[in-house]
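Trainee: We have chain H; now place chains U and V onto it with these hints.
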Amino acid sequence: MSTFKSSGILGVFPFADDLLKALEELKASGVPIHTVFSPIPRSEIQKILGQRPSPVRFFTLLGGSLGLATGISLASYAHLKWEFVTGGKPVLAWIPFVVVGFEFTILFGVLFTLASLLFKSGLPKLRLPEQYDPRFSGDRFGVFVSGSGGGKEMARMIFQNNGAEEVRDVF
Amino acid sequence: MSSESPANIGNAPEGSLEKAPGIPLWLTVLSAVFFVGGAGVFAGSVGGALAHRAWQVYLINFVFFTGLSFGAVLFVSVLNMTNAVWGRSLKRLAESLGAFVPVSFILFWILYFGKEAIFPWSAHPAHGKEVWLSVPFLFVRNGLGLFALSGAALALIHESLRREKGVSSRMDPALAAKGAAQSRRRQAVLSPVFGILYAVVLSLLAFDLIMSLDPHWVSTLFGAYYFIGSFYTALAAILFLAALTRKPLGLESFILPNHFHDLGKLLLGFCLITGDFFYSQFLVIWYGNLPEEARYVILRVREGGWAATAWAVLIFSFAIPFVVLLSRKLKMIPAAMAGLTALILGSMWLERFLLVAPSLWQGSDFPFGFLEAGVTAGFLGAFALCVIFFLGRFPRLPFSDPLFKRPVEEEK
Amino acid sequence: MERFTYQEVNREILRTLNPPRKPYYFLVGGLFLAVLYAASCWAYQILTGMGVAGVMHPVNWGIYLVNFVFWVGIAHSGTLISAILYLLRARWRTSIARSAEAMTVFAVMIAGLFPFIHLGRIWVFYWILPYPNQRDLWPNFQSPLVFDMIAISTYLTVSFLFWYTGMIPDLAAVRDHATGLRQKIYRILSLGWVGSHRQWRHYTSAYVLFAALATPLVISVHSVVSWDFALSIVPGWHSTIFAPYFVAGAIHSGLAMVLTLLIPLRRIFRVEKFITMETLESIAKTIIFTGLIVGYAYGVEYFMAWYSGNRVERDTFIWRAVGHYAYAFWIMVVCNSVAPLAFFFKKVRTRLSSLLLISVLVNIGMWYERFVIIVGSMAHEYNPYSWGNYAPTWVELSIMAGSFCLFLFLFFLFVKFLPSISITEIKESLKPPARERSKA
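Residue numbers (our numbering), protein chains in the order written: chain H, 183 to 353; chain U, 78 to 489; chain V, 608 to 1047.
Extracted from the complex, chain H is given alone in its bound form:
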């Protein structure tokens, strides 16, 4: 999240269709939307806000490739150290190393995915932002518009017109 401490106006909506209408009106009037809170993910919200698919998957690919390389090189390095021929098998046998490489691929893929998820989401965070309302993890949706002046008043009007249960100024 960009700025943690910001002032603006928050609208709390009990209904999802009201929320979507409000978002569309905000977008149409050019008011910049800071954050949309919801208890569950909604693809419509992502669409209205014009968001592209998350870049997390590139980190997964990176992690997976790194894992494969790590697994195979670790196994190869260990075997080249002593060059034993065990059980009649060659020193560097790619057939069993497939298993090692595969497991490391998954492990690093998962770790990189998680790390990128946390990093991109700004987690972990000790303090919750001022504009967060505990009901957002229950059954309420929220829209936070930051800034002051004209945009704020426009947002207030749009919220009130679209059935916001509560409109709160955040300082």
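Be a bit skeptical, because a hint or two may be false.
[Unchecked claim] For lysine to aspartate or glutamate, the following EDC-like pairs were computed, each having C-alpha atoms within a straight-line distance of at most 16 Å:
hint, chain 1, residue 1, chain 2, residue 2
1, U, 206, V, 920
2, H, 203, V, 1043
3, H, 229, H, 199
4, V, 1038, H, 199
5, H, 203, H, 226
6, U, 406, U, 339
7, V, 1038, H, 226
8, H, 263, V, 743
9, V, 1038, H, 321
[As the list claims (entries may be wrong)] Restraint ranges, calculated between C-beta atoms of paired labels, are given here:
hint, chain 1, residue 1, chain 2, residue 2, range
10, H, 308, V, 723, 30 to 40 Å
11, V, 631, H, 269, 47 to 57 Å
12, V, 614, H, 308, 26 to 36 Å
Derived from the structure by calculation, the hints contain no laboratory data. This structure is a prediction, so every number in the text was calculated from the model and none was measured. For every residue, glycine included, the Cβ atom is placed at its ideal position computed from N, Cα and C.
Mentor: This is chains U and V only, laid out in the frame that chain H set:
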């Protein structure tokens, strides 16, 4: 002609009332030419010096196309058992691939005439296995198995088609509804029965027709490897057919890019499973290094011609499909999928070739030439004729299936 | 699923986290004591030596390893339900995914204990890890035991992270509902999640990727465990079908354990409206499928033992059915492949008592399957002079009982401290609250 939909189908979407564009005549003619030509090449060779090669490639094609055909019917059966909605538009196309089943049954019996060429143990009985590996017993048990499996497959397809006929004729709606419910129940029972028979009969087929070619080699996973590989091949074939017939049969609004995406994901899954089964066998045999087991694998990965084929199969059946099918965008382009699945089909044919040929072929040269191409074309022609016949006669979508709805375009 | 409001979902599920009544404390306390007893038996074994366990030539792998394979198997269905069914978009998984994942994490942890217990000289366990050392010693990466170490630790890490990541939005819901010290704890656990659109965007993507990565992992882990046996040349073990056979068997036992745990759970917490009969029925149908696979594997193994003409192989398989451990073999066959066939009948799979009974039978059968494979083969190998039988001692049996108590102990703690049904996913499966609908 039942490609015309009548007025009283409740959930038939608009646009289906027009007659579907037909299958081009040149395709039918080409298939017939392939079939006749291939049969001719085969018939000409079995009498002469190339008899062994002819029977070898006949067997390869038989196991490939039979597995493919039954695999397609398994897809239908799985759709029924899981009450899946996403794949319904593909159901009829899958059933059309199953139209080859009765032909395959006939082609099985022709194998009897090549028993000396195909089964090394018919002339020299395998020590300790005389009871199991005897020609009459083999043909009886496989014949019965294929009869049961074919019967179940045809019954399943018949029930699926019956509802179309029942709905399309001017039947009393109450009777039609009762018929529909009965057909649904029968499909619900036939689907798991077919599933179980598929696993058992195709395993038996694999053990008897492929594994026994090297009588002293065993692998417990071989049967499962064959039927899972056949299912993978069948999925590729369904995807190929869907990509090819979308425009010609007027199915664009029913088979959307998201269907390709979903089927592509399923294909990726089975690519991985088939690869995993292959690796399970390979790793265990390589590691144990027991001479009686390892011989089979060493022949296929060390000797020149076979080794090249093995690498080709690995790359084209597993490596390339894996990488391509990871991409969401590529999965949704029908043309790309048509190309990929054609590659998979060819490569899986080579895989069956690699299972059969090294066990049978005694010569020093690589047995792939005009004869193989000809006989394969013959089988391909016969298969295509079956599919064309089916699609020409029956509705191209399962209109009367209650789980079939007009698909909604999903957001990209 | 019934129509619920989001408020109802939160309330019903958060209600399960309320302070428990007396019986709970007694139960948890009792389980903890049992775990302490088992731990003291293990300490006794470490002090006295492996002789107190029954493992001896020729059966060097006893019930410690039977339990190892058993618990790894139980772990698999959790990942099947959360990851694989997620990718296949099966709706019935939603209410059971969280508990199933918890089951996975606990089962893998317990499974991981058993190689240590079996090791005897536990203080040198780290020798199997690839760490740089003064003598430049490295493990043999061609060994299936090293595969095991890598695969199990990867599986533990991944399944824990998958479980935890899935819980973050739910932990935020608990935090927002709690006060005081509880709120502080859950605030830390939920990492400051607020459900902003940015967070959801990355979260949904990451979750799908986790599921896509966990799926091949789960298949590979039990394949690796099966290769502990298949890569040997012991008769009855050296068989190519082991990898898929073990994976199917793992899912079979895991699903049965899910049923065994969830049928009482839904009753005690009164969450029948979430964990519906439809869900339980779907689990039962999947158990038919895995049971058929296991039955197929039994059949093929017997056929191949006969077909191969290998005298030792044939003898091993005959001995399994009529020898010293024949009782275990027949329990295995009946419980694993015959009993689940009853689920073909709708009456059987929709009645709680029969669901519970068959799930317990399958668990018993799958334990005995591992016993038959591991102990049965080692007791009757190539050389008749070295045939010998094995019987577990009180130390081994105590530790085994302790493992079950530990599993239940952890699971009981889980259901009281963490949301055992995924609040967020249930809400996602409902229609969002809309003004038009509320008017009507």
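Trainee: Against the earlier hints, flag every one the structure doesn't satisfy and list their numbers going up.
Mentor: Of the numbered hints given earlier, the structure breaks none, since each of them holds.
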